[in-house]
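2 protein chains.
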Amino acid sequence: MKKTYLLTPGPTPIPESVSAALARPLIHHRTKAFEAIFEEVRAGLRELFQTKQEVLLLTATGTGAMDAAVANLFSSGDEVLVLNAGKFGERWTLIAQAYGLGVVELKAQVGDSFNPRIVEEALKDHPEVKAILFQASETSTGVRLPVKEICAAAQAAGVLSVCDAITALGVFDLPMDSWGIDVLITGSQKALMIPPGLAMIALGDRAWKMAESSNLPHFYFDLKKEKKMQAKNQTAWTPAISLIVGLAESLKLIREEGLQAVFARHEMLAQATRAAVAALGLELLAKKSPSTAVTAVKVPAAIKDGKLIPKIMRDKYGVTIVGGQDELEGKIIRLSHIGYCDRFDIVTGLSALELVLAELGHPVELGKGVGAALKVFQSEAIL
Amino acid sequence: MKKTYLLTPGPTPIPESVSAALARPLIHHRTKAFEAIFEEVRAGLRELFQTKQEVLLLTATGTGAMDAAVANLFSSGDEVLVLNAGKFGERWTLIAQAYGLGVVELKAQVGDSFNPRIVEEALKDHPEVKAILFQASETSTGVRLPVKEICAAAQAAGVLSVCDAITALGVFDLPMDSWGIDVLITGSQKALMIPPGLAMIALGDRAWKMAESSNLPHFYFDLKKEKKMQAKNQTAWTPAISLIVGLAESLKLIREEGLQAVFARHEMLAQATRAAVAALGLELLAKKSPSTAVTAVKVPAAIKDGKLIPKIMRDKYGVTIVGGQDELEGKIIRLSHIGYCDRFDIVTGLSALELVLAELGHPVELGKGVGAALKVFQSEAIL
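Residue numbers (this note's numbering), protein chains in the order written: chain A, 1 to 383; chain B, 1 to 383.
One or more of the hints may lead you astray.
[Unchecked claim] Calculated lysine-lysine pairs in the DSS-like style (CA-CA distance at most 25 angstroms, straight line): (1) B:LYS288 <-> B:LYS316; (2) B:LYS3 <-> A:LYS375; (3) A:LYS2 <-> B:LYS252.
Just so you know, these hints were derived from the structure itself, not from any lab.
Just so we're clear, the structure is a prediction, and the values are computed from it rather than from any experiment.
Extracted from the complex, chain A is given alone in its bound form:
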């Protein structure tokens, strides 16, 4: 017998009541019953995005919403500034290039974030730029970006801030309206605790204005059409109905816990994970600006083949975490604390990690990492 534990930065575990909602008899989407659920979901998403704008649901994964943002906002010949702190930053560049846009790219050192002043300077150096495309949390390196400061810089320069918050929204505070985030994007399989298949995107007034004159080709991802339809609790095309029913349930769970409590829980789990990492003699990849969503840890020197850590954790202990991608393959492991995750999920992940580190030759005093995490939990009374 082997139970399985999903400690990855997407997909994340599904709460039992959401699984039950997903298993309800499928309803048709052109019905009052669907519209009532959709209206509830719209209200819940506005709370989560902390915005008065319409939050549009797309039947796609997060990358689809990133594609939709580019295709609906810009026009041929436009230039954008991309903040590339890793694989997902690079994705903004690839999407912009796919639509023929000019890309000015700021590339961070692996594990680093961006100093807002560098962003301000880049905007001064490139006055032709129409928008900054960036992540709130760069999942490939476990880095958190200074969203508030980036948005302020964008506003000061009169350009749009387009924020991929796929692994960040519902993890830490990202108040769209008060911070002036012009475009905010997320996906279903992260802090929203439902399976992959839905993306959400909200545009502020400045973004809608730019969208009016956009001339890039698109059909399925037609945000203006979706805005019109979704205001009437319908979607342009057949939506992923069961996922929307599940989303209504997960938004209810978030509302019941309270958004600030959700953020505080994620912060506590991230701190506990970092404390354990230090106690085990391991090093964070993102030392200065670690993300609350995912903790990237360098494979210790004693372990030559870092890919074995996630492999043995999964095959021998049933605990799925992820390693590094591309040039970080075999060099880091990533422990997620996103979504339906509590103290004992962290303890489970750390226990399996301790056993595997010891097996692979990194010196471990068993229980030391878990103990450091428990000390953080002991000092918190939020849950």
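Keeping the supplied structure of chain A fixed, place chain B upon it in accordance with the hints.
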């Protein structure tokens, strides 16, 4: 948000595939579809009981099968020997007395098991006794009884051995036929990993012989009638259909894991729990003969109100364990490792226990209990 963890000696957690089976559309029981499932269940139960006898399903909880055993085996005026090692031993006495039987009771000191020689002597002193009624695992004190030796003593004295294995069958080896267990009883909500509502009872040839002349009143629990019906894949009365469908699935899981692997897993989890208990400076209630099913731990001296331990574990951490019953109330806690339970369930229970012990004033070096458990897991390669 608070996830909940069920670490009690019944009910125990339900595997996901069993939950899915329980949620299937209900079928009618007087159908070929039901009979096919019932036949599969009968075969699975014979493997689990390690017997060629028919294992009868009763729609009742375990106590119902204990009642059925007494009502179907004995006649007015009969005497039985009860081995009372705790609350469930006492239950045999109460049932026997309810049917007007004479009871000779051997009572163990709290936390103690029985020396088989004492049982042999009691049988010599009471030649009128028709059977020994006992537990394989006494859940109230976490004691394991020497089932093989008790059955040998019963056979030597020409009396029946009637074994309540409600928290033991599927936890440790109890081969009915080869050990000559005359009556073997279990329930659904323990190692069988389904909700409460089904009991199972198997009678050996000597027990069926005694049942022929039984004259105690009974109607619902009519084992002869059930034997006749169940051989044809039907039950005398309407059965708990969905639980039987779930049982087919859980028996499949047990078969896939393999019975010996199931026993080895339980043994490993019990050893890890005991190692953690020792590392935390706590004391077992059952020092000499601890059960593989449940570990009973004395509340340490520093904690005046022992009832607070399960209360805070449940209310603050979502981890449900049980305390002591009757005279043991507030004096012990009981950690279960029965059924759908793996290494990280143990780690979860121990983590919550460590936090609560520290909160209540027992000196704890956080992580030390978990570390001791991890050391046991490290030395095991069975899973």
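Name the hints, by number, that the structure is in violation of. 1
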